[in-house]
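As you go down the protein sequences, you meet chains A and B in turn. Take the first sequence: its position 45, counting from 1, is numbered 45 in my numbering, and each next residue is one higher. In my numbering, each residue's number is its place in the second sequence (first place is 1) plus 1000.
Accuracy of the hints is not assured; some may be wrong.
[Stated by the list, open to error] Derived BS3-like pairs (lysine-lysine); straight-line CA-CA distance at most 25 Å:
| hint | chain 1 | residue 1 | chain 2 | residue 2 |
| --- | --- | --- | --- | --- |
| 1 | B | K1433 | B | K1365 |
| 2 | B | K1349 | B | K1425 |
| 3 | B | K1433 | B | K1350 |
| 4 | B | K1035 | B | K1148 |
| 5 | A | K99 | B | K1349 |
| 6 | B | K1433 | B | K1349 |
| 7 | A | K51 | B | K1202 |
| 8 | B | K1148 | B | K1033 |
| 9 | B | K1148 | B | K1425 |
| 10 | B | K1148 | B | K1350 |
| 11 | A | K99 | B | K1148 |
| 12 | A | K99 | B | K1425 |
Keep in mind the hints are simulated off the structure, nothing from the lab. None of these values were measured; they are calculated from a predicted model.
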Amino acid sequence: MVPLSWYVALSSFLFLIGLVGVLIRRNIVIVLLCIEIMLNAVNINFVAFSKYQHVIDAQIFVFFVITVAAAEVAIGLGIIIAIFRLRETINIDEFNILKL
Amino acid sequence: MSFSAVNILGTMPEIYLTFFGCILLILETMIPKEKRSWLAYFTIIALVFAMVASIGLNGKGLPLYSGLYIVDPFSNFFKIIIYIAAIITILFSLPYLDQEDIHLGEYYAFILFSVVGMMVMVSAGDLITLFLGIELMSLCFYVLVGLKRDDNRSVEASFKYFLLGSFTAAIFLFGISFLYGAAGTETISGLAGFISNPGTLKPMVMVGMILTLVGFTFKVSAVPFHMWTPDVYEGAPTVVTGFMATAGKIAAFAVFLRVFWVAFSGNRHDWDILIILVSILSMAVGNIVAIMQTNLKRMLAYSSIGHAGYALMALLLPNRESLFALLFYVFTYMFMTVGAFGVILMMRKKGVEGEEIEDFVGLSKRHPIAALVMLIFMFSLAGIPPFGGFLAKFYIFFAVVHAGYTWLAVVGIIFAAIGAYYYLKVVMAMYMKEPNGSVVFHSSLMGRIALALTAGTTVILGVYPAPFVAYIKSSLALFIP
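Isolated chain A (complex conformation):
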């Protein structure tokens, strides 16, 4: 049986990939995908812990997370289309009308 620490290491690594991606990538669609990677890292964590704790709660939680992620992507893509129509760009650095 694969030890729990491997799963946690995998999910932490995926989470970090997502986190770094959100911070350094400038294309908004890629950033959206990086957020999805972060959410899926969380799902791996939940399933692994659930298996090792012998409690099923977290596997149900995973379904909720998947559903919420889908809703989030739907709204996110809607917003991205709205902003693309106005600006004709998908580079985050160019969304800078609002600032200090």
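Following the hints, put chain B in place on chain A, whose structure we already have.
Relative to the frame of chain A, chain B by itself:
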């Protein structure tokens, strides 16, 4: 899991509102464009209906759905505040939405759905319900912020809020997964039992706690994670800003309090230093950066960051006095903030809003009543004595002193004194300068009712708080030892 009728009965207000929200989406397609204001009346009726249902459930203290959902006086108090904030928002929105040409039926439906999200948040007894509530509220807000689809600022604000919001949601979830991994349970009361004695799993609990703290500080817009607040508050339609700044933030405070006081009460000495740090930073950044703002919505955004700092101080010691102070604070904060945004959205100049401070110059000469109402809100936000804001700050500082953090109260008072400067700057612009420009104060009957309600309550909270104090004392939660 047993599924009895009492579960359905206890969540009746949420079920009503979800149902009414769906009905609104259907009605919107059937009602002609010029009769859209009917939807507003319908929404208000739905909210009043749900409020009556919530009051009927008050004092039951029920854990429903096997502890996933808690209906107690504490959650009911927050639900009442959220209903009132939503009703005032709808009252303000009637002429405003037409002026901005965003009068859509979806607006009302999203307001109702986000209210449901907040209700789920404040009643959450389990981290699953908590997460679903937060997401339901946030998803509605992302859309509401971007309601002005042709306005660059509105869409950009919506995009920034969406990106940062879902980013922190992922971080928050990662924290929950570690808490679950350590404790093997997600119920808030179950976590409490484990966290008071975590054994060798303490590092895991700490990681989980810090990551959830990130999620909560983002939602209450406290400092290290406040960057979205000014942008979103400025870009969003002003009615939505007022609603987000009050109801959304207050609901976030309610879950923050429930999770930290119930689940994390066992390791209070691990997190109190973090709360102190966040609180001081929020007060400092909020009050100092606000001085430099020229846009009133942006200034109020920084002021709301500062107010989050004051309210966070009350989280330090779990006892009845701090809880009372926090509940009184959010109650007062709701009326004065939503009212201040209400005055801003009624200022019109050539088709756009007068949201700059210079638009308020000489307002007292042209619209004395509007200036007086704004003066009440500004004085109250600054914490000047005859108004509710003063008493709210007073209770908070008193609770902090009694909790043994006298130095923190002193820091808070210093920042409150700095903060008074920029609120008084607005009052000075209104009263001590000659009017110029072409800004008109455009009010409707509904708007005037809402302004009278908010301004009146702000004054009454200051001069005769006894009935409110009695009500808040009666809703202090059952979970306080």
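Hints, one by one, checked against the model:
For the given pair, B:K1433 sits about 9 Å from B:K1365 by alpha-carbon distance, which is consistent with the 25 Å threshold. Straight-line distance between C-alpha atoms of B:K1349 and B:K1425 comes to about 21 Å, which keeps the hinted pair within the 25 Å bound. The hinted pair formed by B:K1433 and B:K1350 meets the criterion: a straight-line CA distance of about 22 Å does not exceed 25 Å. Restraint check for B:K1035 and B:K1148: satisfied, since their Cα atoms lie roughly 20 Å apart, inside the 25 Å limit.
Restraint check: the Cα-Cα separation between A:K99 and B:K1349 comes to about 23 Å, which is no more than 25 Å; the hinted pair holds. Restraint check for B:K1433 and B:K1349: satisfied, since their Cα atoms lie roughly 19 Å apart, inside the 25 Å limit. At roughly 21 Å between alpha-carbon atoms, A:K51 and B:K1202 fall within 25 Å of each other, so this suggested pair holds. A threshold of 25 Å between alpha carbons decides the hint, and for B:K1148 with B:K1033 the separation of about 17 Å falls inside it, so the pair holds.
In summary, the hint linking B:K1148 to B:K1425 is not supported, as the alpha carbons are separated by about 30 Å, beyond the 25 Å threshold. Taking the CA atoms of B:K1148 and B:K1350, the gap is about 17 Å. The hint holds against a cut of 25 Å. Distance check on the hinted pair: A:K99 and B:K1148 sit about 19 Å apart at the alpha-carbon level, within 25 Å; holds. For the given pair, A:K99 sits about 22 Å from B:K1425 by alpha-carbon distance, which is consistent with the 25 Å threshold.
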